[in-house]
Every structure is written in C-alpha cells, then in structure tokens.
Amino acid sequence: MSAQTLYDKLWQSHVVHTEPDGTTLLYIDRHLLHEVTSPQAFEGLRLAGRKPWRLSANLAVADHNVPTTDRSHGIADPISRLQVETLDDNCAGFGITEFKMDDVRQGIVHVIGPEQGATLPGMTVVCGDSHTSTHGAFGALAHGIGTSEVEHVLATQCLLQKKSKAMLVRVEGTLGKGATAKDIALAVIGKIGTAGGTGYAIEFAGSAIRSLSMEGRMTLCNMAIEAGARAGMVAVDDTTINYVKGRPFAPKGDLWDKAVANWRTLVSDEGAHFDAVVELDAAAIKPSVTWGTSPEMVVTVDDKVPDPAQEPDPVKRSGMERALAYMGLQANTPITQIAVDKVFIGSCTNSRIEDLRGAAKIAKGKHKAANVKQVMVVPGSGLVKQQAEAEGLDKIFIAAGFEWRDPGCSMCLAMNADRLEPGERCASTSNRNFEGRQGAGGRTHLVSPEMAAAAAIAGHFVDVRELMGEV
Amino acid sequence: MEKFTRLEGLVAPLDRANVDTDAIIPKQFLKSIKRSGFGPNLFDEWRYLDHGEPGQDCSNRPLNKDFVLNQPRYQGAQILLARENFGCGSSREHAPWALLDYGFRAVIAPSFADIFFNNCFKNGILPIVMDAEEVDRLFKETAATEGYRLTVDLEKQLVTTPGGHGISFEVDAFRKYCLLNGLDDIGLTLQNADKIRAYEERRKIEAPWLFV
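For the record, the sequence lines run as chains A and B.
Using our numbering, the letters of the first sequence map in sequence onto residues 1 to 471.
Using our numbering, the letters of the second sequence map in sequence onto residues 1 to 212.
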C-alpha cells in the first residue's frame, strides 16, 4: 500500500459506502450535542418518527446559554432558558447522556469531550459547532456540522461527505519566549488567510507541534476552522496517550492495550502525499494581536496597525478600511498603545487548565489597571474550575481584581448575559473577532491567555515578554 | 426540502469579502428552537439602526438606508451576489435558514466557507462558485442596471445574464440530484441501513473500545 496521511487513514477506516461520484457515507463514532444547534434536529426526528441510531455514541451538554455567575436561580432570560430546557427534554426523551447545568462535569462541549475521554484517537467526532475541529488534536477526524446533519447523524450514525484535500502545516523549531499555541494558530491564519484552508483537512506537524501539550494542540486545532479548514489534526504520540489514559470514557484493561496498539498507527506515513504544504519557523512566531474583524487581520505585538493605503487589492483595501472604522483604530498606531476596556479569558480555544495557569502566572501579585472595567475568567468546565481552585489560581485572579466565573461559552459569542457594550474594546482569548461577535458594536482583539492577562494588568496591550522578564 | 430546478430572479449585490455567519444571523436569534422565522433578522446588525432582539416586531424598526438590501431596487431579490469566503465562521444552519426565509434561493460568490456551503444544499439553496472575474462583471452589471435579473438553470449548470452571456458552474452530481428532486438525505442514507450495520459489526471486532 502506498504511503498514507493521517487523514487518509482516518477517512478510510470510516467509509461505509462510496457512490460513483465520490460521495461517501462516513461512519461517526462520537456525536456531541449542545442546546443551540440541536432542537430543530430533534424536532425533525420526532416528526419523521425516527429514533437515534446508536444512543451511546451521543453526549450532550448545555454551554452557550448558561450563566457564568450564580446558577441557583437558573437562567434569567426566558428564551435562553427554554433552549436549555429543550435540550434537557430531548435528551431525557430520547435517552441521550447529558451533563446538566448543575453537574460538575458540565462545561464547553469542546473541553468536556476530551476531558471525559469521550474523544479518543482514531474516532470520527462531529458536533453542530464549527469548533469541533478542536478534537482533531487527538489524532481524530473531527469537524463541525449544520443542524440538518445533526439530525442525519442522530438518525443514521453517518454523514454524507466528500473527501477533502490534505494540507500539512509544519512548524519546526522552538517557540520564542512568550509565544503559545494561540500565537501559532494566529501566525498560520495570518499566513494562509481565513480561506486558505477551505476544502482542506489540515495536519499540524513538526517539532514545535510535538512539543505542545494536549491543551496547546487543542487550541491550535480549534482554530483550524478560522483558517477555513473544517478539520485540523495532530498525529498520536505519547503526549496523546498519556492524556487519554484513565479518563472516564477511555477504554480500560485489555481493551486499553488493544486501543493503544491501534492508536500508535495514527501518524502520517513517511513520504505520504499532501496537496499543499505550509512551513513556519517556530522561533519567528511572536505574541500576536488581531487588529481587525477577521482572524487573518493579525500582527505581532511589537508591530503597528497596518495602513490600508499600502494594500493594492481594492476588495481587501475596502475590507481593511471598514475594519478600522468598526474597530475605532487609526492606521500605523503601535499595538501597545491600544487601551482595552474589558478582558475575557475563556472559550473553547483557551479555557483549559494550562491556559488558566498561563494567565495566573502573569497576574500573580498584580492588579488590573484602573481603566479596565472588567476581567472575566471563565473556566472551560466544572472540573477545570475545581482543578484551578485546587492550585489556588482562583485566589490569584480574585486578588488581581479579575472575576472568577462558572463554566460556559460566555463572552466568546455573548449568547448569555456576558457581553461587550457598543464601542467597548476587549482583549479576548476566544477565536473570532467578527463584528458584533462579543456583543453588538463590541471590538475584539484575539490574543493568548498570557497576553490577555498582561493587557488587563497594563490597561493596554503589552509585550508579555517584557512582563516575563520582570518575574 | 423545496426543489431547485430553474430560477429567474432579481439580483442583490453584497460587495464585501469574508461575510461571516455571525453577520448573516447574529447570535441572539439562535436562541430560537424553530427552523423558520429568521428572515426579518437576516443581516440584522447591518440592516437596522437599532439593536434587535428575538421576538421583536421588525416592521417598525429604523432601517439603515445605506445597507444594500434596504434599497428599493433590490426588494424581492432571490439571488445574492457576494465576494470571497462567503459564510465563514460559525456552523449555524440558521444562516441559510435566514437567507431562505428572506427569499434568497441562490448565492453566487468566488468562494464559500465549507460548512455554510454544505448547509445550503440541505435547505434548497444553491451556492454557486464562480470565477472572481465573472463575479466582478456581475457586480458591475448589477450596479449599472436597475432590475438586473439572472437565470440559474441547475439542470444545465448555467447562469445566464440578461444580455445572453452564459456562465457555467460546477456542482456535485449527488448534491445536484438531491436539489433537483428536493430529496431528504436521511431517507436516502437509510436505504443503506444494511451497509451501516455490516460496518458496525466489522468495527466491533477491529476496534471494540469504540462500542463500549
């Protein structure tokens, strides 16, 4: 057999049937559900008199609408409350496992899947959520789907798919001081653009990727969709296997050994063909900050806001001008002169324990600047919150004037009460800086948890490397 | 799903790249547990001057007169002309639901984001990928001619301008078949139920840890 990519292997092992035009019925091992993209799918099942094909493949959690402060009174917004109750009712009615709002295992769907071992190497994982690409960090084929496909997976345990092209993003070397997986993600998007990965499944490889923890790999794969690729993935190694071992849904005993032997094969073969190859030098990656309304509008922290006048392409130029007007920024302003009103540390990109440790390290013994109105720290799950508290991170944040919240998607997309007011500027560890994403009129700058904490302390963007020199 | 065969419709131009699904239908409207009724909130933040909330009567809200869909000449448009990477970002199917509810049946752009592109086909909307230069030409013609209409023939895979210029486009054979016939994917897949069961039996032996 010719050399195969990791993507080839994952694809091939899940093919149920292929039509002459290449349309393939692909088997889905794990289906994750949340309250926003599932109600219409359950309704469709009910109207057609269908039942879920394989109940045990499904795992549900409410994350988008849940409050991140006191939950003892439930959800105040009646429309949000109805959506969460609808998920509860659907899961109870169809017999699907759900972590409810009062369950310590509740959290952001892309945090809890891996945390529970519900995401395993070699799986196909889907969810009605574009950031499902996160789970590819485990050597899984994972991507977001729409609600019609949620219904399709519930009813048939399969998806109709066409194989994507394969892209290799190779990052070699050692990351520079202060740079994180988030900065790799932003550097990749800055290089290939938000449509650069369209039509591709991306494999991230190279020594810099191998050196990342699972948390870092999840951050990177999470943002594959921001580069246009539905799926991002990283080959299996010891880091992967050590992370999975002992998790509640992970195999045990003999099955564990059998599984590990299989997972060890989940790497791209030497000489496997990729349709596109992108290479980055890890040492050149610096802490980054987005300045516009698309994740590709990104520069390093020591740079300036770019000048549209220098852009030859008229469509791009008008996009830049519109972005600067929306963001309330002037061309050529140094990034470190941009003051922030709020800081958000959380989201499926950066709310895991390592992210909170990174932010806490910067915030320790310091206090947020007077001009910063609010700093929200929202852990990715109840278990991440517990772990952080066991390490005393909550005390560091609270002493720094940060708010220590309950788990959920929160101000990444502001479906619950956590949001920016019009014109407010935010340093955010989330994944999208689109217009209105964090609240109508809100202005989002995407950064790493360390850079977000540093901005909170300084009151403006600051090169985290300088702060690290001090400590 | 409604069939898509041939459409002769008014064109509305949305001249910006990277239009994301948050812009197509903002998050507050995703709290709905229904599939319909999103049309009045399509492009809500661009279309109205105030902040929209679900359940609101939109007929009295202040309109942003500068936004293209609010211009009288584009009322009743069924074909949306767009730029690169249309539909990027969130996987929300509420985006095609909103476009459809508003009245759009086809979107023409040089490129689309994958998930949005796929979601369109599930809802009887035809997304047409067209060469950037041809798209540019359509933008110019639309701007120059009030009441500019295009004919989209899915069977022939052809877009025809009022001047008789024909532009062919690609579409997957299977997706075309489903759209032309208004077919529900699930019913088609379930015709392969035996193959799915056979696959599962094989996998239970190869990878038993997946079936615990």
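For the record, the hints were derived by calculation from the structure and aren't laboratory data.
Quantities reported herein were computed from a predicted structural model and do not represent experimental measurements.
A few of these clues could be false.
[What the hints assert, rightly or not] Capping the alpha-carbon separation at 25 angstroms, the derived lysine-lysine pairs in DSS-like fashion look like this: (1) B/65 x B/140; (2) A/163 x B/34; (3) A/51 x B/195.
A quick look at each hint next to the structure:
1. B/65 x B/140: holds (21 angstroms)
2. A/163 x B/34: violated (31 angstroms)
3. A/51 x B/195: Between residue 51 of chain A and residue 195 of chain B the Cα gap is close to 18 angstroms, so the pair holds against 25 angstroms.
The structure is inconsistent with hint 2 alone, although it conforms to all the rest.
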